[in-house]
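In UniProt numbering, the protein residues as written are 1 to 308.
Don't take each hint at face value.
In silico SDA-like cross-links for lysine to any residue, where the CA-CA straight-line distance does not exceed 25 Å [to be verified]:
hint: 1; residue 1: Lys24; residue 2: Ile174
hint: 2; residue 1: Lys229; residue 2: Pro266
hint: 3; residue 1: Lys87; residue 2: Leu163
hint: 4; residue 1: Lys24; residue 2: Leu163
Treat the hints as calculated values from the structure; they're not laboratory data. This structure is a prediction, so every number in the text was calculated from the model and none was measured.
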Amino acid sequence: AIQKVIKKYNAAPHSIIPSNKQRKAYGSIKMHMTTSLVDLLSMVDPADVISSPNPISMESAGQMFGFLLYESSYVAKESGNILRIPKVHDRAQVFISCISQDVNAGMLRYVGAIERWNNQPVSLPTNECTSNTSLFILVENMGRVNYGTYLFDEKGILSSVYLDDQVLHGWKMIPIPFHNLNQKPNLSFEMQHTKKRSGKLELTNDHVSKKEPALFAGEFSINSVEEIKDTYLSFSGWGKGVAFVNNFNIGRYWPSVGPQCNLYVPAPLLKPGQNSVVIFELDSPHIDFLLEAVDQEDFTCGSKHNQL
1 AIQKVIKKYN
11 AAPHSIIPSN
21 KQRKAYGSIK
31 MHMTTSLVDL
41 LSMVDPADVI
51 SSPNPISMES
61 AGQMFGFLLY
71 ESSYVAKESG
81 NILRIPKVHD
91 RAQVFISCIS
101 QDVNAGMLRY
111 VGAIERWNNQ
121 PVSLPTNECT
131 SNTSLFILVE
141 NMGRVNYGTY
151 LFDEKGILSS
161 VYLDDQVLHG
171 WKMIPIPFHN
181 LNQKPNLSFE
191 MQHTKKRSGK
201 LELTNDHVSK
211 KEPALFAGEF
221 SINSVEEIKD
231 TYLSFSGWGK
241 GVAFVNNFNI
251 GRYWPSVGPQ
261 CNLYVPAPLL
271 KPGQNSVVIF
281 ELDSPHIDFL
291 LEAVDQEDFT
301 CGSKHNQL
């Protein structure tokens, strides 16, 4: 229709409309947990860790994207504690651990989330540690706009953190940038090394309920160059996170909010042979730890008013 209008005013030959790209469903991809959040911290360069009396923003830490982990400690009360963060951008997941016990064993206890759009205090459980309790707050930068009111929108913890209305001091800021995995060679190598070493880690419903962020990895095979087509990864049944295909960041997923259930994977990212999929799952993995490579988009996730 547009070409017909242009032809009325311009006699130059118009281009041929290209055919739609072919898409392919590569089927189910079994995912295996490879690295927990605590394990991931061991891959961070100590020189990148920042210490400060008070939390600082992501921008002040030199990190424009991804995640920033804030770490502090406190003495827990027998009656529990109340944690408040008046200003956090955009979403914070709160974890605790006994310093002398759980951290070394790679155990974090999820206690709640504080969200920019629904900022509510989090109740910390009663004292279960023989020493101070470690506090971990994983803050996600959920994106930016380049115009208007939010042009200079800072990310991270942008206020003091209050424990029972007292300011909590003594913080470490640990960057988890997650650009493309090949831009973090130590992370990419560790991912491959962990897969080869352990093959897979058996998960139970207990792992699903703990809500500890973790990296999951899987592979799917393409037999020939001719079979390489655009595809989509379906995240129905997964929680929230970010995904990588062959080390390339294809975006964030959050099917419970929607509207998109699937992430687009263009054909140039794929190759003949084995193709790797890595996801950083923040909440709860699929009950069967499965992804689906499908041949169409899907905008039916989340509540009805979010669907397209």
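Comparing the hints with the structure gives:
1. Lys24 x Ile174: violated (39 Å)
2. Lys229 x Pro266: holds (7 Å)
3. Lys87 x Leu163: holds (14 Å)
4. Lys24 x Leu163: Outside the cut-off at roughly 52 Å; violated.
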